[in-house]
Amino acid sequence: MNRWHQRIDNWLTNHLKLPSDVVLELPRVTTIGQFHAYIENHQGLIIFNEDEIQLKMSKGKLKITGRNFVIKTLLPEEILIEGIISTISYVTQ
Amino acid sequence: MNNIQATWFRGYVQIQVVGYHPELFFDLCVRNNINVWHIKKIDQTHCLGNIYIHDIKNMRKLRKQTRYKISFIEKKGIPFICKRTTANKPFVLGLIASLLLIILLSNMVWKINIEGVRPEIEKQIRTTLDENGIYVGKLKFSIQSVGDMQQLLLDEIPELLWVGVKEQGTTYALEGVEKTQVSEREQPSPHDIIAAKSGVITEMYVSKGRPLVDLNDYVKKGDKLVAADLSQGKEEAEEEEDTSNKNQVAAQADIYADTWYESNVTIPLEADYQTLSGEMTSKYFINWGKIALPIWGFFQQEFEQSQAEIEKKSIHFFQWELPINIIRKDTYEQRHVQEKRTLAEAKTAGISQAKKNLLQQLGREAEIKSEKILHETSENGKVKLRLYFTVKENIAKIQDLSQGD
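As they're listed, the protein sequences go chains V and E.
Under my numbering, the letters of the first sequence match residues 1 to 93, in that order.
Under my numbering, the letters of the second sequence match residues 1 to 405, in that order.
Take these hints with a grain of salt, some might be off.
[Unchecked claim] Not close to chain V: a few residues of chain E, all C-beta gaps over 12 Å, as computed:
(1) Pro22
(2) Val30
(3) Arg31
(4) Asn35
(5) Val36
(6) Trp37
(7) His38
(8) Lys41
(9) Gly49
(10) Asn50
(11) Glu131
(12) Ile201
(13) Pro268
(14) Ser282
(15) Arg335
[As the list claims (entries may be wrong)] Partner residues aside, some chain V positions facing chain E, computed with beta carbon under 8 Å:
(16) Glu40
(17) Gly44
(18) Phe48
(19) Asn49
(20) Lys72
(21) Leu75
(22) Pro76
(23) Ile85
[Unchecked claim] Result set (BS3-like, lysine-lysine): computed pairs, CA atoms no more than 27 Å apart in a straight line:
(24) E:Lys76 to E:Lys40
(25) E:Lys76 to V:Lys72
(26) E:Lys329 to E:Lys313
(27) E:Lys75 to E:Lys40
(28) E:Lys220 to V:Lys56
(29) E:Lys75 to V:Lys72
(30) V:Lys56 to E:Lys69
(31) V:Lys72 to E:Lys138
(32) E:Lys40 to V:Lys63
(33) V:Lys72 to E:Lys57
(34) E:Lys40 to V:Lys72
(35) V:Lys56 to E:Lys61
(36) E:Lys61 to E:Lys224
(37) E:Lys220 to E:Lys397
(38) E:Lys197 to E:Lys355
(39) E:Lys329 to E:Lys138
(40) E:Lys312 to E:Lys166
If you're looking for bench data, these hints aren't it; they were derived computationally from the structure.
From the three backbone atoms N, C-alpha and C, an ideal C-beta is built for every residue, glycine too.
Could you build all of it, start to finish, from the sequences and the hints given here?
Right, dumping it as structure tokens:
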């Protein structure tokens with residue numbers, strides 16, 4: 001069933017040109033230079049430090065490292081981070 | 001993003017969360033529809049963040065379910081400023097008092113400029129204005145309108161030909177034009193006096209000229225009464241050829257004669273009209289848009305039938321006109337009068353009315369000597385009268401010689 005679902009979603013994105021983040025429930029990460037990172041479709045905050053942020057995703061985690069992090073806005077599914085970003089990485093379990 | 005706007009207007013607080021993984025408390029807040037922004041981590045156990053004032057209650061409820069400790073660091077925004085200023089009563093009172101003072105001063109007469117007239121007339125204008133309550137320091141609400149002021153000045157000061165009053169903020173600029181008085185009367189050109197109306201002469205006062213008629217003479221309209229020519233009418237032809245004006249004067253005379261008039265009047269036997277009894281009350285309102293707040297003139301008697309007059313005066317703040325008006329409402333008592341007249345009453349009423357009309361036509365000098373009812377009919381509740389008047393009036397009328405041809 002779940003595999004079916006995934007196949008249909010993949011087909012939808014490929015053939016109907018629907019945005020993949022909406023259909024596949026994946027995060028959309030927008031960065032502006034090093035200073036801002038805007039993440040949509042996250043599912044919660046796991047860790048927040050001055051130099052590291054970890055966000056819960058539908059599958060796995062999103063890890064951002066850098067310096068002087070400040071959360072500018074925090075909404076149920078969106079987050080805007082300000083600071084100096086050095087890496088963005090996905091951690092799958 | 002839309003939820004975090006106008007933070008300063010809505011008011012917000014910075015809170016500090018202390019505990020193990022303090023950022024997770026903010027995450028919890030967000031999941032419970034509390035907006036959070038500007039989250040900063042100071043160290044492992046301390047975290048700062050901003051929330052709206054109206055979310056504080058919900059935040060406290062959430063906190064009870066957890067083990068975090070919360071303290072308020074800063075309070076920012078208009079609600080706090082309001083609280084602080086209202087708590088400072090002398091400041092608020094001073095602010096209100098100064099605003100009121102400015103409004104009061106903005107609605108005062110500060111200056112009355114008068115231009116275009118001689119100092120004597122200027123002084124006269126000032127005293128007239130003073131007597132009628134227009135002077136420096138007077139509030140503008142109680143001052144009549146510019147048009148009334150002009151009329152007043154023209155009525156009171158006969159030397160003024162025209163006066164223009166302009167209201168310029170807190171000053172009144174008056175511009176006057178004086179009548180230029182002719183100091184010497186021009187030598188009048190020789191003229192005769194003729195009869196303006198037909199009548200029987202009753203009195204004659206001839207100061208200049210040669211009278212051609214006598215008392216109790218009947219004269220027709222246009223008849224020559226007093227001649228400019230003093231040379232007794234002899235050798236008239238010769239006189240006319242001789243263009244010298246030596247023997248001709250400007251005739252001057254008052255000639256009173258009995259003249260006759262007929263007039264028709266119709267008087268209804270039943271009269272039904274409205275009059276003002278003279279009783280009146282004034283009320284004052286402050287008006288803002290559609291709202292009118294009474295401020296003066298409570299507990300006055302109400303009239304059954306009334307007629308109201310409303311006068312609006314706007315309030316100024318410096319040079320700007322505020323949307324607030326002061327309204328004066330004058331209510332006059334009205335009376336409905338129903339009268340039934342007898343035939344005799346109707347007749348006297350008709351006669352007096354006809355007399356009034358006639359005197360209005362003839363002017364003040366005329367005098368009605370007698371009246372007679374020529375014909376009288378009464379039908380459909382109306383009395384019709386045909387009246388005959390004998391009037392004593394001045395019938396002298398100047399006629400220039402050159403026009404006489």
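Consistency of the hints with the structure:
no.	hint	result
1	Pro22	9 Å, violated
2	Val30	5 Å, violated
3	Arg31	6 Å, violated
4	Asn35	8 Å, violated
5	Val36	5 Å, violated
6	Trp37	5 Å, violated
7	His38	6 Å, violated
8	Lys41	5 Å, violated
9	Gly49	8 Å, violated
10	Asn50	10 Å, violated
11	Glu131	72 Å, holds
12	Ile201	110 Å, holds
13	Pro268	86 Å, holds
14	Ser282	61 Å, holds
15	Arg335	75 Å, holds
16	Glu40	11 Å, violated
17	Gly44	6 Å, holds
18	Phe48	4 Å, holds
19	Asn49	6 Å, holds
20	Lys72	6 Å, holds
21	Leu75	6 Å, holds
22	Pro76	6 Å, holds
23	Ile85	16 Å, violated
24	E:Lys76 to E:Lys40	17 Å, holds
25	E:Lys76 to V:Lys72	17 Å, holds
26	E:Lys329 to E:Lys313	11 Å, holds
27	E:Lys75 to E:Lys40	17 Å, holds
28	E:Lys220 to V:Lys56	123 Å, violated
29	E:Lys75 to V:Lys72	18 Å, holds
30	V:Lys56 to E:Lys69	25 Å, holds
31	V:Lys72 to E:Lys138	59 Å, violated
32	E:Lys40 to V:Lys63	17 Å, holds
33	V:Lys72 to E:Lys57	22 Å, holds
34	E:Lys40 to V:Lys72	9 Å, holds
35	V:Lys56 to E:Lys61	25 Å, holds
36	E:Lys61 to E:Lys224	115 Å, violated
37	E:Lys220 to E:Lys397	13 Å, holds
38	E:Lys197 to E:Lys355	19 Å, holds
39	E:Lys329 to E:Lys138	21 Å, holds
40	E:Lys312 to E:Lys166	18 Å, holds
In this structure, the hints that do not hold are numbers 1, 2, 3, 4, 5, 6, 7, 8, 9, 10, 16, 23, 28, 31 and 36, in rising order.
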